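Asker: Protein chains in written order, with this note's numbering: chain Y, 1 to 537; chain V, 538 to 876; chain D, 877 to 1193; chain H, 1194 to 1514; chain F, 1515 to 1818.
Please keep in mind that the hints were generated in silico from the structure rather than gathered at the bench.
Which residues of chain V face chain H? A partial, calculated answer using Cβ under 7 Å:
(1) E579
(2) S580
(3) D725
(4) L754
(5) G755
(6) V756
(7) A758
(8) D759
(9) V778
(10) F782
(11) P798
(12) L800
(13) K805
(14) L808
(15) S810
(16) L811
No more than 25 Å apart at the CA atoms, straight line, and that leaves these computed lysine-lysine pairs for BS3-like:
(17) V:K742 / H:K1459
(18) Y:K470 / D:K917
(19) Y:K375 / F:K1677
(20) V:K737 / H:K1459
(21) D:K1034 / D:K1054
(22) V:K859 / V:K545
(23) V:K621 / V:K604
(24) D:K968 / Y:K197
(25) H:K1324 / H:K1391
(26) Y:K302 / Y:K358
(27) Y:K218 / Y:K512
(28) V:K617 / V:K604
(29) V:K664 / D:K1098
(30) V:K613 / D:K1098
(31) Y:K409 / F:K1580
(32) Y:K409 / Y:K302
(33) V:K805 / H:K1232
(34) H:K1232 / H:K1206
If you're wondering where the values come from, they're calculated on a predicted model, not measured in any experiment. Every residue, glycine too, gets a C-beta built ideally from N, C-alpha and C.
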Amino acid sequence: GCGSSSDGASEQALNLVGYDFKSLDPNKVSDSDSFTSLENIYECLTKEVLKDGKETTELAGAEKIEKSSDGLTYTIHLRKDAKWSDGKPVKASEYEYSWKRLTNPSTGADYMTLLDELNVKGVSEVMAAAEAKKSGAEVDKLVDQIGVQAKDDNTLVVTLAKPTPYFEKALSFRVLAPVREDKVKEQGDAFGADPAKMVYNGPFTVSEYAKGSKIVYKKNDTYWDAKNIKLEKATGHIITETTTLVKMFEGGELDITSAAKDDLSRLKEKAKNGEFQHISGPDAGAYFNYYNVTRGVLKNAKVRKAMSLALDRQQFLDVVYKRCIPSYGLVPDGVNCGSKIYRKEVPQTLKTSVDEAKKLMTEGLKEEGITDPSKVSIDFLLGEQSSITKGIGDYIQKTFEETFGIKIKQDFTADAQTYYKRRTEKDFDMCGGGWTADYNDVSSYFTIFTTGNGNNSGNYSNKEFDSIVKEASAETDENKRIELYKKAEDILINQDPAVMPTYYSDVNTFAKNYVKGYQIPKFGGSYDLSGVSIQGK
Amino acid sequence: MTRLLEVKNLKVSYNTYAGKVQSVRGVSFHLNAGETLAIVGESGCGKTVTSKAILGLIQTPPGEISKDSEILLEGKDLLKLPEKEMRNVRGSDISMIFQDPMTSLNPTMTIGKQIAETIVNHRGLDKALAYQEAIKMLKLVNIPNAEARAKQYPHEFSGGMRQRAMIAIALACNPKILLADEPTTALDVTIQAQIMDLIKDLQDKFQTAVVLVTHDLGVVADVADRIQVMYSGLIVERGTVDEIFYNAQHPYTWALLQSVPRLDTKNKAKLYSLNGTPPDLLKPPVGCPFAARCEYAMNICKEAMPEATKMSDSHEVSCWLKHPNAPKVKNPIGGSDDE
Amino acid sequence: MLKYILKRLGIMIVTLWFIATLTFVLINALPGDPIGAKAKKLPAATEQAIRAKYGLDKPASVRYVNYLGDLVKGDLGQSIQWPGKTVNDMIKAELPASARLGLQAVAIGLIVGLPLGVLAAFRRNHWEDYGVIVLSTLGVSIPGFVLAILLQFAFGGKGGIPTVGWNNSAHPFFAAFKYTLLPSIALAFGGIASNARFMKSSVIDVINQDYILTAKAKGVGKASLVFRHILRNAILPVITMLGPRIAGIITGSLIVEQIFAIPGLGRELLNSINYRDYTVIMSLTVFFAALYVVSLLVVDICYALVDPRIKVTGGAK
Amino acid sequence: MSNEDNKAYIEVKNLKKYFKVGRHATLKAVDDVSFTIKKGETLGLVGESGCGKTTCGRTIMGLYEATSGQVLYDGVDLHSIKGEERRKFARKAQIIFQDPYASLDPRMTVGNIISEGMDIHNIGTKEERQKKVYELLEMVGLNREHASRFPHEFSGGQRQRIGIARALAIDPEFIVCDEPISALDVSIQAQVVNLLIKLQRELGLTYLFIAHDLSMVKHISDRVGVMYLGHLVELAPSEELYANPLHPYTKALMSAIPLPDPNVSKAKKRIILEGDVPSPINPKPGCRFASRCKYAKKECSEVNPELKEVKPGHFAACHLL
Amino acid sequence: MELNEKSFERLSSEEKHSDEIVRPAISYWADAWRRLKKNPIAMISLVVLIISILLAIFGPYLVKYKFDAQDYKVLDNRPSAAHWFGTDNLGRDLWARCWVGARVSLYIGFVGTLIELIIGCIYGGICGYFGGAVDLILMRVIEVLSSIPYLIVVILLLLVLPKGIGTLIFAMCIMGWTGIARLVRGQIMQLKNSEYVMAAQALGSKPMRIIIKHLLPNTLGIIITYMSMDIPAYIFEEAFLSFLGLGVQPPKTSLGALVSTGQGVMTNHPYQLFIPCSIICIIVLAFNVFGDGLTNALDPKQRQ
Ligand SMILES: Nc1ncnc2c1ncn2[C@@H]1O[C@H](COP(=O)(O)OP(=O)(O)OP(=O)(O)O)[C@@H](O)[C@H]1O
Ligand SMILES: Nc1ncnc2c1ncn2[C@@H]1O[C@H](COP(=O)(O)OP(=O)(O)OP(=O)(O)O)[C@@H](O)[C@H]1O
Ligand SMILES: [Mg+2]
Ligand SMILES: [Mg+2]
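Bound conformation, chain Y alone (with noise of 0.2 Å):
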C-alpha cells in the first residue's frame, strides 16, 4: 500500500491500475494490457503527444528523420545518447533487427503484417510467400531483403514501395520499438516473459511483477531524458472490478482511477468541487453491431439501415453505460487523416429516426417477402455475459422488439474464445464489435471492411467501397484524401449499411490534485507516465 510515512516532500511515487501484460516482447504482442506496459518501458522512433489537447507527433528515438522527395525513402537518423539499461546504447541495426524479426513468419507476430500496412518495400512478397506456405529459408530470405537497413550504428533507411501519408505517425508505435538480437538469442522463447531479464530504453524499467497482481514500474536511470522524468515509481494495481478501484482511489490507496456507471456521475460530482481532477475526452475506439450481411433479412440494405436508425443512442447510453459519446458514424473524434482531424472536417450524417426506420423496414421486409415482423428472429452475439452485456442485449432486444416487432434472441457465449470463434465464422446475425486504430490515422477504421479482410466480420463486400478505400491509402493530398474517406463512410453508414454505429468509448479518468501531468495516449496503451509528478501532496 502507500506508506504514510511521506508527509514533507512530496514522495515521486503513484499508486494506479496496473495491467498484465501477455509479454513484454514488443514483436509479439497486441493487446492494449501490454502495450500500456511497452509505452513505458520502451522507446520508438517517434512518439505521440497531447499537446494543447492536439495529438501531435514528436521525435522521440529518431533525431531527425529525412524524407526523399518521391516519398519513398527515408533516412532515419538516430539520437546518440539513446542508452539500454544495461548501458548499452540504442543501435539502428537493433531496429532492423525488430523490424525484420516482426515479419518473419516464423516469429508468429500478431502485427506481421504491420509492415506491409506501410508498404515497406519488399514485405509484401514476404506475405505472398508465407502465404504460399514457402520454405523457411526462402522466407527468410525475402525478409532479409526488405527495405529496412541500417546504414551504420545511427543511421536506419527505410524504403517503401509506394508513398504512405501516416508512416511517420505509425512509427511511434511501440511494435516497432528496437529489440535486442543478444538477448533474444540468450532467452530464446522465454524472451519477454520475465522482466528481471530484460532491458529496458523507455524511461521507466519493470522492476517487480507478480502476475494477476501488481507490476511495479520504476524509473530508468539510462533513459537518456532521465532528468526529465519526475516519477519515480509506479504501482499498478491488477483489479479488473471499477467498483473496486473507484472504492480505493476514495479510500486513498490509488491516485487515479476511471469509473464507470453510478460511480462515474458521483467522481464527476466531487470532482466539480475541486475534490480531484476529472480527466475526460474522447478516445480512439469505435462501437459498432456488425451485420452479418449474408444472412436472412439482413441481406437486404433496408433493413439493416432502418435498424441502424431505430437506435435512441443516447438513451442506450444512459441506461446502459452512463458514460461514452454516441456515435453516428465509424470514425471517433480526435483521429487524424494526416494533420487534420477527420472528424472535425466530416460530420456525422446518421440521425436517429423511429418513424423513418419504420418505414424502411416495412419496405425492406417487404423485398425479402415477409409480411409478419414477428417472423423475423435475429441472433444477437453478445459475448460473454456480464453487467454491460446483458445490459445492452437487454436494452437492444426491447428496442427493435417494440419498435419492429422483430424478435431479438440474446445469445451469449460461455467465453471470450467462443465469442471470436463464432465472429470469425460468422456465426451471427447481428454481433457486437468495434475498433480501435493502431495509430494516428484513419486508414484502418475503413480496412477492416474491405473485401475479404480478416477483420470483416459481417461478410460485407461493396466494390465501390473497396475501391475508394484502396485510392485513399495512397493518396497524398490530404484533401483528396479525407473527401474519399467521406465517400466511403457514407457508404458504410448509410447507402450499403456494414454496421449499426452504437458509441465512442471516452475518457473518464479521476485524479488527485497533487497528481500532474498524467496522459492517457489515445492509441496503444492505457496510460503514459513519462511526464507525470507528485506535486504538493
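Model the placement of chains V, D, H and F with the ligands on the given structure of chain Y, informed by the hints.
Answerer: Only chains V, D, H and F with the ligands this time, still in chain Y's reference frame:
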C-alpha cells in the same frame, strides 16, 4: 455396622420426545462396608440408572433427579454436593465398572495413561509416579507383562483384559465403594469366573463395598451377601442371599428363579416363563407394576402399590400377598411359606 | 507402511494418467483454440507459425503422446497465451500465494470452526447451539464473491489492511500478512461453517460414548475431559475431510484471488480456461489432481497416526 | 419326528472359513470342523465368545463362502450350487440372528419383514401371504395388529419372535439359531426357548442351536459340540457331555457354569484357567488350547489333535485321551 | 385406601391386561413427523420454506409489472410502494425479478438434487454393497471426475448442448453426484454387515433388492441432511456460474444472477444486492435448519 452409603427415595426420570420416562421410582437401600450387594432384575428396570445416580452421572437434562431424593455417603448428601467436590468423590470414594468393556475405554489413550489419570487426579502423584502405580495396578489385576501392556491401546487388548483394565481403573484409588454394572455379561464363563474371583480378592484386601448389578443369578449366588430385586424402577424384594434363593416371597422373584434352566432339569421340558412384557415406564401403572404378569394378581394389585412387608431384619418384600387379608399362596420354589 | 504408500502411489499414477487423458480429450473437444480466435484476426501465416511452434498443427494422437511424454519428464509445457512462460514457472511463481491463502483459510476454519462446533455440541438445543447454526449457515449462504467484496468494502484500506494486493517479496511471512487477512477470511467462511457442523455432530457422538462416562466416573476435571478425552476422538472425522479441502481450497479460490488481485494459481486456471490455453489447463489440472490425490494419501496416513485403532497395513503385528 | 432317524440330514465335512484381515494376516474363524445333524435333531454349539460359532453357523447357511470343505444337505453340496439355485436353497434353511435389534430392518413393517421371504420366492398370492403372516404372528405369540407396526415398537423378546416368524415363513426344514436368547433377559429367554421346542415338536424342524449359556444349551439340545478357537474340541450327547466332559477345556467350562444356588455355588470348586484366549489371527500349530492347558505336553503345541470317538457317540480332540 | 374382600379377589387374565398401556400403532413416518412437530425451530423453517416456495410460484403475479418489462423512467429506484423491492438499471421491477429468480433457483436446486440423488445413490449403493474390485474401479472413476476442474466440464457442456436450464442442471449434476455417491457408499459399507441385510440374504434376496429395499432406506437420514445442504449448494453453484456469466441466460434470471448484478452496483444501490442476497440466505438457512430437524426426527437413536 457402619452404613457407608444410604440411598433414600431415589427417583430418576428422563425427559424424552415421547414424554417423561420414570426410570427409577423411589428406591431406598443402604450399603455396609465390605459387603456385596447384588441388584438383579429385568433389563430396563433401572439398575444402571440407579448406579449412575449414585455417582452423579445422570445428565441433566434429559435426566432429572427428584428433589426429595437423598444419597448419603457417610452422612453427606451427594446430590447436594457441588460438581467440583463430586469430582473428588468419583474415582476416589466411589468408582464404577461399566457394562461394556469394549466401549468403555478411551480408544485413543494408552491403558497405562487411563489408569494413571485417576491416580493423578485423586492421589496427587506426579505423572511418572502415577504411571508406575498404574503398572502396579495392572499387575494386581493379573495382566501379564504389565509394563508393555500399559503402553498399548484398548483395541490391542482382549475383552477379558479390557474388563480387568476397567477394574484396575476403578480400584486405582482404593475406593470405599465399587459399583460394578454387569461387569461380566460380555465375557464367557471361564473369563467371568476369573474376573469374579479377582473382585472378591480385592474386596477382601481393601474392605471395599461392592454393588454388583447383573441378571446372571449364578454369579449372584456365588458372590453376593445381600440381594435386591428390582422391577420397573422399584425394589420389590430384598434380603440376604439365602433369604432370596431359598425363601423368596415375591412372585417376580419366584419367576426369575424358576425360569433359569438348571442342569438337572429334564431335557426339553417346558421352562417356566412369564408372559407379557414389563410396563412402559412412560406411564407406569398406579398399582403393582408386576400385576399384569403376575399369576396371583388380585384386584388390589391394580389399584394400589403394596407397602414393604418386613419378613426379617434383612428381608423385605413389597407384595399384596403379604397382606393379612390376602389368600395364602404356596411358594412354588419350595421355600417356607410366610413366617 | 512403506508398502502401503507405494501401492497407493501406484494407484495414484494410474488415476493421474486417466485424469490427464480425460482432460486432454475434454480440452480438445472445446470449440475455439488459443490461436484461431482473437479480437483481431491474425494473418494466416502467423497463425500457422504459432500452431507449428506449439505443435498444434499435429494430429491429436501425436500431441497426446508428446504431452504424456513431457508430463513424465516433469515438463508441464509452455503457455500459448503468455508467450515465453512455462507452466512450471507459473506454478513456481503462483503456488506460494495460493497455498498460503489456502492454508491460512483452513487454519482459520479450524481455529474458529472447531471451538464453535464444540460449543454447539455442549450446549445442544440451547441458544448457543442455534447461534452457531445460524451463524454458520449465514456464513455459507452469502455467496463467496459477495462476501469477498463486502469484506473489501468494509475493511479494505482501513487500519493498514490493503483492499487488494499481495506481497511475495521481502519478509515472506509478516510483510505479507496484512494482505492475506481479508482473502483468507473470505475463503475461510465455508470451512468455519462445515467444521463447526461436523465437529458438533462428532462431539455429540463422542459425548455419548461409554468411555466418556468412564472418564467422568474417574472424577476427571472438565478441561481435561474436553481436551484429553473428547477432542482427540472427535477430531478424527474432521481430519478425514481436511485433505480434499486443502487441495480444493487452492483450486477453489479462483474468485477470491481475482477479487483480491492475488497472484495465485486458481485465477491462473480460470484465465487459461477463458483463453483456451491448452497446455496450461491440462497441466494445471493434472497438477491439481496430483495435489488432491496426494493430500488424500497424506490424510489417510495422518489418520492412522492419530487413531491407534487404524493400521494402514490392516494386519496385526 | 422324522422317520429316518439315523440318516444324517446335514453333513459338515472339514469346513474351514478364514477371513483375510490384512496383507499377511488370516483369521481362522472356523478351522477344519466336521459334524453331522440328523433330521429332527437339535445340535447345540457352545464355546468361548469369538471361537467361531456364528461363523460356523453362517457358513453352513451359505451366508459366507467356505474357504474349503463341504456342507451337504441331503447329500447335495451347498457350496457347489450357484446363482438362482442357491437362492432357492434359502427355502430349506433359515437362520435366527443373535441380535434381535440389529436383525430387523428398522424401516420395514413387521408384516413386510415376515413376508419378505415369500415375496422373494413368489410364494402364494398377496392374500395368502397376508394370511400366512397372521398365522405366523399368532404362532409365535404375537397378534395380527402387530403386522402393521415397526420393529422399534417391540420389546427384545417380541422382536426375537418376529425373527423366528420370518425364518418360519418359507417353511424351512432346518434353522440355525444363532444365540437367539443371549440378548434377552431371563424371563424372556424362557419364552423363546419354549417356543422353539414347541415348533420342533409340531413341525419336525432340525436346529443348530448356538449359545454360550451352557445350562440353556443343555436344556434344548440332543447333542452338544464344544468349540475352541475355530476347532471343534468335543462332541457328545448332551447328558453325556455334562456328566462326563473329557476335554480339559470342556471340563473348565463345566466347572465354571455359575449355578443359581448359593450353597452349591459357593461350595463348588472351579477350574480356573490361566492366561488369555490366544488370537485366532495366524494361530500357531498344535492344539489351540495348549497355552492354557495345565496338562499340556510337548506334543500338544506341535500336533493338532484329531477329533476321535472316545466312547460311542462321544468325540473329543485331545492328545491326552 | 379402603381394603375390602373384593380387593383380594384374583384377577382373570383379561382383567390383568385391561389397563396395560399399549402404545398406539404409529407408523415410522407418523412418528418422525410427530417428533418434528415438537421442534419449533424446524417448524418455523418449514413455514419459511413453504412461504418461499409459494412466493416463487405466485409472487411475480402479485405486482402488475412483468419481470422483464423495462421502464426507463424508473431506473435504479429504491424500494417504494410502487416497486416493493425497487427497480434495476433497466427499470425492471425487482420484486417480480426476485421471485422469478427464486423460482429458477429453487427449480435448479430441487431438480439438480433429485437427479444427483438418484445417480449418487445407485452408484454409491453398488460401490458400497459389492466392494472389492468393483468398488476400487468405480471409486477411481469418482476420483478422476472430482479432479477435473469443474469449470472445464461446465463450459464444455454449455457449449456442446443447447442452452437452457436443463443443460445447466445437467452440467452441474455431472460433477456433483460424486459427493453423495461417496457418502452413500460409506454408509452402505457400514450397513451391509448389519444382520438384517444378512437376514435378507438368507432369504435369498438379489443384491439390487437389498440395496433398494434395505440399505438405501436406512441411509435416509444422512441423505436428507445431505439434501438439505445440497439444494442450497445448487443455488450457489448457479450464482457462481452467473458471476462468471455462465448461469441462466437473459432475459431469464435467477437469484444468483441478481446477486451478481447487484454486487456490481453495491456502493450506489445496495438494495439491489441486499434483497436477493437476503432471499438466498433465508432460503438456505431454512433448508439447513429444517434438514437438521428432520435428521433428528428420523434418527432411530432418538426414537423412544
Ligand atoms: N438417557 C436416557 N434417556 C431416556 N431414557 C433412559 C435413558 N437412560 C435410561 N433410560 C431408561 O431408563 C430405564 C432404566 O434403564 P437402565 O439402563 O437403568 O436399565 P438396566 O436395568 O440397567 O437394564 P439392562 O439390564 O438392560 O442394562 C429404561 O427404561 C431406559 O429406557
Ligand atoms: N466378517 C468377518 N471378518 C473378519 N473377521 C471376522 C468376521 N466375522 C467374524 N470374524 C472373526 O472370527 C472370529 C469368530 O467370530 P464369530 O462371530 O464366529 O464368533 P462367535 O463364536 O459367534 O462369538 P460370540 O459368542 O461373541 O458371538 C472372531 O475372532 C471374529 O472377530
Ligand atoms: Mg444396565
Ligand atoms: Mg456369535
